[in-house]
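With the hints as extra help, turn the sequences into a complete structure.
Just so you know, we're using full-length UniProt numbering here: the sequence shown kicks off at 1 and counts up by one.
It should be emphasised that the hints constitute simulated quantities derived from the structure, not laboratory data.
A portion of the hints provided could be inaccurate.
[Claimed, not checked] What follows is a set of in silico ranges between Cβ atoms, one per label pair, in the way DEER data are often shown: (1) Asp14 <-> Asp83: 36 to 46 Å; (2) Asn121 <-> Lys101: 13 to 23 Å; (3) Val97 <-> Phe5: 14 to 24 Å.
[As the list claims (entries may be wrong)] Here are the computed lysine-lysine pairs in the DSS-like style, where the Cα-Cα straight-line distance is at most 27 Å: (4) Lys90 <-> Lys2; (5) Lys48 <-> Lys29; (6) Lys88 <-> Lys2; (7) Lys29 <-> Lys56; (8) Lys59 <-> Lys17; (9) Lys88 <-> Lys114; (10) Lys90 <-> Lys114; (11) Lys114 <-> Lys17; (12) Lys101 <-> Lys60; (13) Lys56 <-> Lys114; (14) Lys60 <-> Lys2; (15) Lys60 <-> Lys88; (16) Lys48 <-> Lys17; (17) Lys59 <-> Lys114; (18) Lys59 <-> Lys29; (19) Lys59 <-> Lys101; (20) Lys2 <-> Lys114; (21) Lys17 <-> Lys56; (22) Lys56 <-> Lys101; (23) Lys114 <-> Lys29; (24) Lys60 <-> Lys114; (25) Lys101 <-> Lys90; (26) Lys114 <-> Lys101; (27) Lys2 <-> Lys101; (28) Lys29 <-> Lys17; (29) Lys48 <-> Lys114; (30) Lys2 <-> Lys17.
Think of the CB as a built atom: it goes at the ideal place given N, C-alpha and C, for glycine as much as any other residue.
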Amino acid sequence: MKFEFLHVNLCVSDLEKSLEFYREALDLKEIRRLDFPEFIMVYLTDNKNNLELELKYLKKPLAAENLLEKELFHIAMQVDDYDHALQKHKAMNCIAVINEKAGIYFINDPDNYKIEILPQNFFYDK
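And the structure:
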């Protein structure tokens with residue numbers, strides 16, 4: 001079973017301001033945008049690595065000081081054998097949330113940081 005980094009997620013209070021910052025400060029480029037009823041996710045890349053920055057903008061945003069308090073940060077990894085990984089993480093008793101409808105789940109590390117686990121090529125066009 002092989003795990004690969006996919007993205008780091010940051011929840012932002014002002015999407016356009018954040019996009020401008022990451023473009024200007026770090027030369028990151030938008031490669032994909034997903035618009036859902038409650039939030040927008042924008043993916044940025046440096047065009048050199050597989051790791052992406054996922055900016056999540058809540059359409060009913062929280063105050064900036066509440067973003068970290070609400071656990072709106074996570075790391076995402078894809079795995080080549082999703083079912084095997086799910087069973088392993090169940091046995092380790094580290095699963096935080098399973099979203100069967102979406103086909104993903106989250107585990108907690110020892111400090112309760114969230115790690116999203118997705119099947120390989122979940123919605124990426126790489």
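Measure nothing beyond the straight line between the CA atoms of Lys48 and Lys17; if it is 27 Å or shorter, mark the hint as holding. With a Cα-Cα distance of about 24 Å, the restraint between Lys48 and Lys17 holds, given a limit of 27 Å.
Is the hinted pair Lys2 and Lys101 satisfied, with a Cα-Cα distance of at most 27 Å? holds (23 Å)
Between the alpha carbons of Lys2 and Lys17, is the straight-line distance 27 Å or under? Cα-Cα ~36 Å, so violated.
Does Lys114 sit within 27 Å of Lys48, going by the straight-line distance between their CA atoms? holds (25 Å)
Does Lys114 lie within 27 Å of Lys2 when you go C-alpha to C-alpha? holds (19 Å)
Hint check: Lys59 vs Lys29, CA-CA at most 27 Å. Holds or violated? The given pair, whose Cα atoms are some 22 Å apart, holds under the 27 Å limit.
Range first: 36 to 46 Å. Now tell me if the beta carbons of Asp14 and Asp83 are that far apart. At roughly 39 Å between Cβ atoms, Asp83 and Asp14 fall inside 36 to 46 Å, so the hint holds.
Quick one, are Lys60 and Lys88 close enough, alpha carbons at most 27 Å? Roughly 36 Å separates the two Cα atoms, so the pair is violated.
Holds or violated: Lys48 with Lys29, Cα cutoff 27 Å? holds (11 Å)
CA of Lys29 to CA of Lys17, is that 27 Å or under? Holds: Lys29 and Lys17 sit about 14 Å apart, inside 27 Å.
Holds or violated: Lys114 with Lys29, Cα cutoff 27 Å? holds (25 Å)
Within a Cα-Cα threshold of 27 Å, do Lys56 and Lys101 meet the stated pairing? holds (20 Å)
Comparing the model with each numbered hint stated earlier shows that hints 14, 15, 30 do not hold.
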